[in-house]
Amino acid sequence: QKEVEQNSGPLSVPEGAIASLNCTYSDRGSQSFFWYRQYSGKSPELIMSIYSNGDKEDGRFTAQLNKASQYVSLLIRDSQPSDSATYLCAVINGAGSARQLTFGSGTQLTVLP
Amino acid sequence: DTGVSQNPRHKITKRGQNVTFRCDPISEHNRLYWYRQTLGQGPEFLTYFQNEAQLEKSRLLSDRFSAERPKGSFSTLEIQRTEQGDSAMYLCASSPGQNYGYTFGSGTRLTVV
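Residue numbers (my numbering), protein chains in the order written: chain W, 1 to 113; chain E, 1 to 113.
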């Protein structure tokens, strides 16, 4: 079982729709959760962080965390073609002293004009 | 620009040659990370420094790979006797503390021919 799992997609949504991206993680002790956006040929860019159960909103983005279900999601409202990218879920796992970020393989999102 | 800086942006080398990459993190960040990313995959952790101390190395980091951060500022990643399987994007990231998201540099794309 991978430590961080995402549906690879591709996920296509029409412009203006809500895009929903999902992620599950295996380490129950994980405490910090992040979403990165990566455009083709570019490096990952941090767009959201979430640390406690519930929702966190930032502009058109909402991150949702459910630690009991070991589930993190990202909602993008009013999707724009410029949102077309790969979205990476990343988790700081709970074990060990270094506790580095572990990434999923990403979900490719295409927003159709 | 006070972001994470990586050099070179691209490197093409012949199999068997040695290559060295440089990373300059955000100056206030004491934690520095190296990741490797191949097409269609999320970044994979290679190694981590806190100040000048290398605190963790992934089992992905074979003995052909070595990383240094001599004065706790910039870091170098050297790959000796490169192989075609080393072709990837090498990403450097930094963070100010344990539970913070990482800021990535633009990466160095290595092609081994």
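Simulated from the structure, these hints should not be mistaken for lab results. Among the clues, some could well be false.
[Stated by the list, open to error] Pairwise CB distance ranges (calculated):
(1) E:S73 <-> W:E45: 37 to 47 Å
(2) E:G3 <-> W:S82: 14 to 24 Å
(3) E:D63 <-> W:E57: 39 to 49 Å
(4) W:K67 <-> E:G3: 23 to 33 Å
(5) E:Q80 <-> W:S69: 27 to 37 Å
(6) W:E57 <-> E:T13: 22 to 32 Å
Even for Gly, the Cβ is constructed at its ideal location relative to N, Cα and C.
Results of checking the hints against the structure:
Between E:S73 and W:E45 the Cβ separation comes to about 24 Å, which falls outside the hinted range of 37 to 47 Å. For the hinted restraint 14 to 24 Å between E:G3 and W:S82, the CB-CB distance of approximately 21 Å keeps it satisfied. Checked against the hint of 39 to 49 Å, the C-beta distance between E:D63 and W:E57 comes to roughly 47 Å, which is consistent with it. For W:K67 and E:G3, the Cβ-Cβ distance of about 32 Å falls inside the hinted range of 23 to 33 Å, so the restraint holds.
Checked against the hint of 27 to 37 Å, the pair E:Q80 and W:S69 fails, with Cβ atoms roughly 45 Å apart. About 46 Å separates the C-beta atoms of W:E57 and E:T13, a value inconsistent with the hinted range of 22 to 32 Å.
Hint check: violations occur at hints 1, 5 and 6; the rest are consistent with the structure.
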